[in-house]
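2 protein chains.
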Amino acid sequence: MMKTLSPDDAFARSAPMVYTVVTCLDELGKPNALGVSWVTRASWSPFLMLVSIDHSRYSHAGIRQNREFVINYPTKEQEKGALVCGMSSGRDIDKTVASGLAFVNSEKVRCPTIDGSAVSFECRVIGEMETGDHTVFVGEVVASKGHPEEQNHLYVTHNFTMLALGNEE
Amino acid sequence: MMKTLSPDDAFARSAPMVYTVVTCLDELGKPNALGVSWVTRASWSPFLMLVSIDHSRYSHAGIRQNREFVINYPTKEQEKGALVCGMSSGRDIDKTVASGLAFVNSEKVRCPTIDGSAVSFECRVIGEMETGDHTVFVGEVVASKGHPEEQNHLYVTHNFTMLALGNEE
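First to last, the sequence lines map onto chains A and B.
Take the first sequence: its letter number 27 is residue 427 in our numbering, and every next letter is one higher.
Take the second sequence: its letter number 51 is residue 451 in our numbering, and every next letter is one higher.
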């Protein structure tokens, strides 16, 4: 028998959620990265992905201005650096250094890709929608890359423990 | 070293994805249910969730008209019925019968909740956005319920194998 739960308790029970690192440029054109779990697909054809970005995030203005982002799915080996991207702000530190992750040129967009990710989607923003304290940015996938040997990426539980799950089961 | 992947191969590598059953009413007011993996949160406050629904889905018109849906996270025990909801259309069968799942009254919305789900979010549509071949429906969570003993729900891999993952790790 189900019972009424507080919104926070209910949301915790919907975990684990996929954990991605979204890379982008800030308003000055400097690369940044942030942890994003609120991400999913939005269309088969064209291939659209969406990310929900908090208005308070440093990267929000940069994505709005530059209209590009990359969704990177870090592997278990990249967990520490991926967490740095989620736990700190580009206002305070340069995450391309502090995270220890390898930021490399993307194929089709100006913002970088995190090398070694299990998979990455380069996106150009084709629409956005205000949703409460977040903006949903919808991006068309203009290039996709992956690391053939990496069969897992990260999921985060309600208490921020990281799981690595494979996609080949 | 990452290499360029086809969009389909890249997307497969972003799995496993959470697997939910969205319940709604059709245009005649009859309950229906569909499998939805393209779901995530869109705002902390207000508590907003979003689902991407294919234009071709039978439930699309019903959600658009009735402005309500429930996101149910089925447990491992509900896997078979949850898959029926994902693999068939409400045009052809009555999934409230064919799935074997227990459709019960929701607290705040007219469409049913699937009893025994690990967690469920009752949503009222507050906005929508056309995204290619899908519509993103944004819903405010007006009630949330859960099954206190159920610590797992379903994830689907790229080849449609179901995993049950706990949120208490």
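Please keep in mind that the hints were generated in silico from the structure rather than gathered at the bench.
Hints may contain errors.
Claimed, not checked - Calculated cross-link-like contacts (lysine-lysine; reagent style BS3-like; alpha-carbon spacing at most 30 Å): (1) B:K403 with A:K430; (2) B:K430 with B:K403; (3) B:K403 with A:K403; (4) B:K476 with A:K403; (5) A:K403 with B:K430; (6) B:K403 with B:K476.
Structure-based check of each hint:
1. B:K403 with A:K430: Judged against 30 Å, a Cα distance of about 25 Å means the pair holds.
2. B:K430 with B:K403: violated, 48 Å
3. B:K403 with A:K403: Violated, because 48 Å separates the two Cα atoms, which is more than 30 Å.
4. B:K476 with A:K403: holds, 19 Å
5. A:K403 with B:K430: holds, 25 Å
6. B:K403 with B:K476: violated, 35 Å
Checked against the numbered hints above, the structure violates hints 2, 3, 6; every other hint is satisfied.
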